[in-house]
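Asks: Residues per chain, in single letters:
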Amino acid sequence: MSSTSQKHRDFVAEPMGEKPVGSLAGIGDVLGKKLADKGFDKAYVVLGQFLVLKKDEELFREWLKDTCGANAKQSRDCSGCLREWCDAFL
Amino acid sequence: MPEFLADPSVLTKEKLKSELIANNVSLPGGEQRKDVYVQLYLQHLTARNAPAALAQPDFSSDEEREPTPLGARSRGGAAPGRKATKKTDKPRLEEKDDLDVTELSNEDLQEQLVKYGVTPGPILATTRKIYEKKLQKMKEQGPELGSSTLLPTVSSSAENTKQNGNNDSDQYSDNEEDPKVEFRLEKREPLKAKTKTPVTLKQRRVVEHNQVVNRVPGNFKHAAPTLSISEFSDLPRRTPKKPLMTAEVVEKTLAEERRVERDILKEMFPYEVSTPTGISASCRRPIKGAAGRPIELSDFRMEESFSSKYVSKYVPLADDKPEKPVTKKRSIPMWIKILLFVVVSVFLFVVYQSMETNQGNPFSKYLGVPEAKIQAD
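For the protein sequence lines, the chains are A and B, in the order given.
In this text, residue positions in the first sequence follow our numbering: the first is 95, and each later residue adds one.
In this text, residue positions in the second sequence follow our numbering: the first is 69, and each later residue adds one.
If you are wondering where the hints come from, they were derived from the structure by calculation, not from laboratory data.
Do not rely on the hints blindly, as some may be mistaken.
[Said to hold, decoys possible] Using 20 Å as the maximum straight-line C-alpha spacing, the simulated SDA-like pairs for lysine to any residue come out as follows:
{"hint": "1", "chain 1": "B", "residue 1": "201", "chain 2": "A", "residue 2": "151"}
{"hint": "2", "chain 1": "A", "residue 1": "132", "chain 2": "B", "residue 2": "192"}
{"hint": "3", "chain 1": "B", "residue 1": "201", "chain 2": "B", "residue 2": "179"}
{"hint": "4", "chain 1": "A", "residue 1": "148", "chain 2": "B", "residue 2": "185"}
{"hint": "5", "chain 1": "A", "residue 1": "136", "chain 2": "A", "residue 2": "183"}
{"hint": "6", "chain 1": "A", "residue 1": "148", "chain 2": "B", "residue 2": "174"}
{"hint": "7", "chain 1": "A", "residue 1": "101", "chain 2": "A", "residue 2": "126"}
{"hint": "8", "chain 1": "B", "residue 1": "405", "chain 2": "B", "residue 2": "434"}
{"hint": "9", "chain 1": "A", "residue 1": "148", "chain 2": "B", "residue 2": "195"}
{"hint": "10", "chain 1": "B", "residue 1": "85", "chain 2": "B", "residue 2": "73"}
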């Protein structure tokens, strides 16, 4: 069994559409609210930020840490989730 | 330095004479009274003071006239020095800009990042901070690599100051050597970085080649240490500094080899026990028919269950039920036997039923004449 969570698998299974930012792996209620306050209310907006950083996971993790205070695990989960989604659908 | 005093009488006669001579004022022959010299002083030298003061109205007249000639001379003296220092100032100014990463414009930030080999995405409001951080990281990591372009300008400026007739050339000769030495060191280090990748590639190819040639698992462990020895012997020929970093590279390739080793081993011997030493001992099967041991059919079945039980202990990924392989290897599955038994029993019951043709109650004679039967007995 791989080390991905159920949330990760659910997100990567289908196009994100209008899913809220809290549906991203690693982003719970607290972080989701912080991101939404900064304008990242939908998952696709965060995806946009990931793409603008040229899909560089390290830079994205830095950005996430600075923007909403995500810790190492949360940012790793989120960047991994987005990367896999991009590999599957982009 | 001539002092153009307003009241030259404070000076001694000798001093007045010397001042006058210094300023090319013709003295009257023989020893004169002090007044004569004072007058001459006043006439010529103080008169000179006036036009000088007029020419530089910036300087306040209240001040002594000392600063003006000093200022004029200092200007002239400093100019060649300033020209010499301008070239050294420029790279310093550039470095100062780099230090204030936040002061850079978006384009400059992008240029700086490209210098360090990073291809940044668009620098927008959201991404700017991240790229600033990245630039600072790159600067901390590679000030040696990045500044190789700046050093040549510094060394050339040092040479220029020499050519301008600097009297302290002996003192600066040491400094001139140092930037040159640093430059050489920096040249070697980028070489190091560049040659790291080709070395690792070569090692990987060698490793792959060895793997293809030596498929026997036993030889693998021998091949790996011999590889490392050969690598260490080859490298000193090229450069003396390489063995330091190749130790790390060798370790990495060794780790890779081991991983590949395990994969190939698993392919070749899927049923083998995976122990740390690679050695597994299985219970020796007693040879049937030898040393007077009786041969039984059940013994052949037990063999399989033995080995399967052993494997299941060490290999956690194997089936949880050891009975499964045992049941699979039986010629007739259990459920078929049960089914046959049920079918046979049903058949017998049907046969029994068909044999009983009497419609009447079979227990009627017992019910009707129970006493008769007892009497008969």
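Asks: With reference to the structure, classify each hint as holding or not holding.
Replies: Hints and how they fare:
1. B:201 <-> A:151: Between residue 201 of chain B and residue 151 of chain A the Cα gap is close to 15 Å, so the pair holds against 20 Å.
2. A:132 <-> B:192: holds, 15 Å
3. B:201 <-> B:179: holds, 15 Å
4. A:148 <-> B:185: This hinted pair holds, its Cα atoms lying about 15 Å apart.
5. A:136 <-> A:183: holds, 17 Å
6. A:148 <-> B:174: Cα-Cα ~17 Å, so holds.
7. A:101 <-> A:126: holds, 14 Å
8. B:405 <-> B:434: Judged against 20 Å, a Cα distance of about 41 Å means the pair is violated.
9. A:148 <-> B:195: Satisfied, since the Cα-Cα distance of roughly 11 Å is no more than 20 Å.
10. B:85 <-> B:73: holds, 14 Å
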